[in-house]
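Student: Chains A and B, in that order, give the protein sequences. The first sequence maps to residues 2 to 242 in our numbering. The second sequence maps to residues 1203 to 1857 in our numbering.
Honestly, I wouldn't trust all of these hints.
[As the list claims (entries may be wrong)] A partial selection of chain A residues facing chain B, derived with a Cβ cut-off under 10 Å: (1) R120; (2) Q192; (3) G193; (4) P211.
Derived by calculation from the structure, the hints in this document are not laboratory data. By construction, the Cβ of each residue, glycine as well, lies at the ideal position given by its N, Cα and C atoms.
So you can see what is in the structure, the chains are spelled out below.
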Amino acid sequence: MNSTHVLVVEDEAPIRQWLATTLAAEGHEVFEAATAREAETLAGNRRIDLFLLDLGLPDGDGVALIRRLRAWTRRPIIVLSARAQEQQKVDALDAGADDYLIKPLGVAELHARIRVALRHAAQTRLAGTSTLRLGALTIDLDARAVRRGDETVRLTATQWRLLEVLARHAGSVVTSQHLLREVWGPAHQEQGHYLRIYVRQLRQRLEPVPQRPRYLLTDTGIGYRLLVDVDEEVGEVFTSV
Amino acid sequence: MTTTEAPTSGVARAAREDRLLVWVGDNASADALVRHAGQWVANTAVPWTAIAVQTPGATPSIEGRRRLLRALELAERLGAGTDSVAADNVLDAVVQRVREERATMVMIGGHPPDGWLDEGRRHWLGDLADGLSKRLPDVTVTVVQFPASADGTHISLSTVDRWRLPWPAVILTLAVVGLCTVLSAVLEQYLDAGTIDMIYLAGTVFVALRLGQTAAVLAVIGSLAMFDLLFVPPRWSLIPAETQSFFTFGVMLVVSLVVARLVEHARLQARVAAARARSTQALNELARELVGAKSERDIAAALTAAVRTTFGAHAVLLLPDADGRLQAAPEADDAVVAADPAAQRLFDDGDAPPPPGDGALRLLLRGVSDPLAVLVLHEWPDPGTEPEDRRLLDAFANQAALALERQLFERRSARAVVEAESERLRNTLLSGISHDLRTPLTTIIGSATSLREQHAALDDARRARLLDGIVDEAQRMHASMSDLLELTRLEEGTVHPVCEWCPTDELVGEVIEAFGERLRERQVRTQLGPETIVWCDSRLVQQLLFNLIDNALRHTRRGGTIEIRIEAQAQQWSLVVSDDGSGLPPGHEADIFKKFFRAPGEPAGSRTGLGLAICAAVARLHGGRIEAHNAGGARFTLTLPQPAAPPVPADEVPA
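Please model the complete structure; the sequences and the hints are all you need to start from.
Tutor: Following this line, the structure appears as structure tokens:
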């Protein structure tokens, strides 16, 4: 793979420097921006493969920047956010961010998330990848079927709709609100327990050990994500709270 | 001893234990008398009391009553205790009061006895002074003489009223006499003259009972005339043959006058007793209301209601706002009460004469040091008001003032407590935070500078150890910061739990997953109930559970057991986390939920003292509670309320 172009948007210089250092060490080419304006200029002039974006920028709302970027690019956006700001994370994800990282963070987690995001982006770019693999399971979005080996896993209509939304955003966090809206319609956005119950049912169908999910993961207070073709390292990282 | 002094005369020397009693009559100089007494008292600092006396039959004139009221008000303003008493006569009342109060001086006063009392009672004031001197030999009696003023010719109606007889009473009296005569005529042939007297006596006593002494006298005269005319020979002549009948009618007159007097007295007593009972009851009711009053609004409501029910008068309590501007209590009926400058003046200056023609009565409610409020009564029925009513109103106002002041003190002391508490909390927080941050920082700075300065001298293993130390301690600082931030958010009320029905296995499973390797060396047993769902904010409860498990982890040895149990009931559910570790410090089962609490002898842990405080905050936010006990280790029980069973989406047939 060519070196990946990563745009780091972060107003705190020490953090920006550290991110630049560690990303460069991992073989990425790093562009740095301290403000939303710089970020947009750079994004417009360079080929950027992935955005690493701090939400608290001096000259503007990070969520608004995500919306503007999403108007013209499908490249993965990973948000950097403080722990306590759940709503900010949800807003960023709803605006089109793919994932979020909570500051402070370690390098292992940082690089793992970047790898997942890049792989997911590459996968959706490849033509005809409507088939996802979850260990022994295969999800065929065109045929609307889930198979374990040759055996078909039977799902109800609602279970399938839920899995489908998660699969279309595979690797990304999908907020609970988004899932409720997509699966049950706008009238049921308050029925959080519907979602929990169906996620449970899906886990019982899909996961090898439903009590310890490896593919259909919960982001407490935020939403859910479907990890496809997970490797060991990534699995470890995602289980930490 | 009796002295007579002019109002301008010199001041008598008063000893320490002196006490002055002033009798205020309903005459034109009542005001002047009180003023004089006040002046005298101001120079001697003698405690004093001013009393008015209500005597049977003597219903004071409206003008007199008003004057009396004003005089008593003035006396109160000048620092006197005031009272209005009911008694047979002024002399008895004053004597009794002097004895009760152990007064050493009595002051009475009035105009010179020329024309201010009716002719028959010309020397009445002098008689009163004489009577007082005789019965209270140790007391100095002072009669203050005032020069006759323009209204000195005013004749007190009290003595006139007493003998007045309205026309219906005259007719009724004559009718009774007539009836007695008819009865006597019928019975004459069976009875002798002496017995017929008795019929007239009965009639006269009846009149005395019902219509008072004037009517009784009238009845006696009428009876005498009829009896003499009809039954005493020679008939049809008023010249009596026997002196015996004169004697009979003399007795009759005495008896009926005594009866009338007794009845009148009893009636007055009953009226006074009823009024007293009413006052006491009204006061008690108000006191009860005020004890239950939680706010100034409650106090205002109770007071105005009491005034309305007792006096039928509409009252508004004006309370000062933060700037000292008087405002009507919010629940006042007339929502917009125009600013009351007179009340404001009264409130600001403490004493302001009522504006003329206003007709409203304004009472200043005073606390120990500050004015508290102003009670405004529109249409206070002043002319018809007894001094007793006014005293009752004052008692109401005093009760309310006490309640207002209590409220004020409570608020002040509550504020002081809160301030002290928050100050203490701030100090605890600061020392806790600085400890929790400085410890890891010491390691981080130390290790990092070692790596920089001693790089060459360190082998790989040592370098790795220093680096691990830096990472671990930084993580610990992060945990401290997160806990502190989270606790602050939970406690300042910006976090509202977003409750949902959560499957218990998911709730607990995710937290156990989050511990990963750290729980490998403990036996974790869960007992969650199949398909149980519970009502909570999963993020908050998971954080709570995380902290409880983390706590258990730190207080159990390797291979120890941690048990997590969830039980759902109809109205609540509970989460129990128990371990077989060292248990809780005895006697500190409740303290462990306090911020930065460390049991005596407990080593500074790897985590802050905030974890359990967060648990307590989470429980509180959910409207539930968390408790800790020792049960072969530590046992934490979280109990949260929950609504009725949730709607479950209809299950579908797999496609």
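Student: Of all the hints given earlier, name the ones this structure violates by number, lowest first.
Tutor: 1
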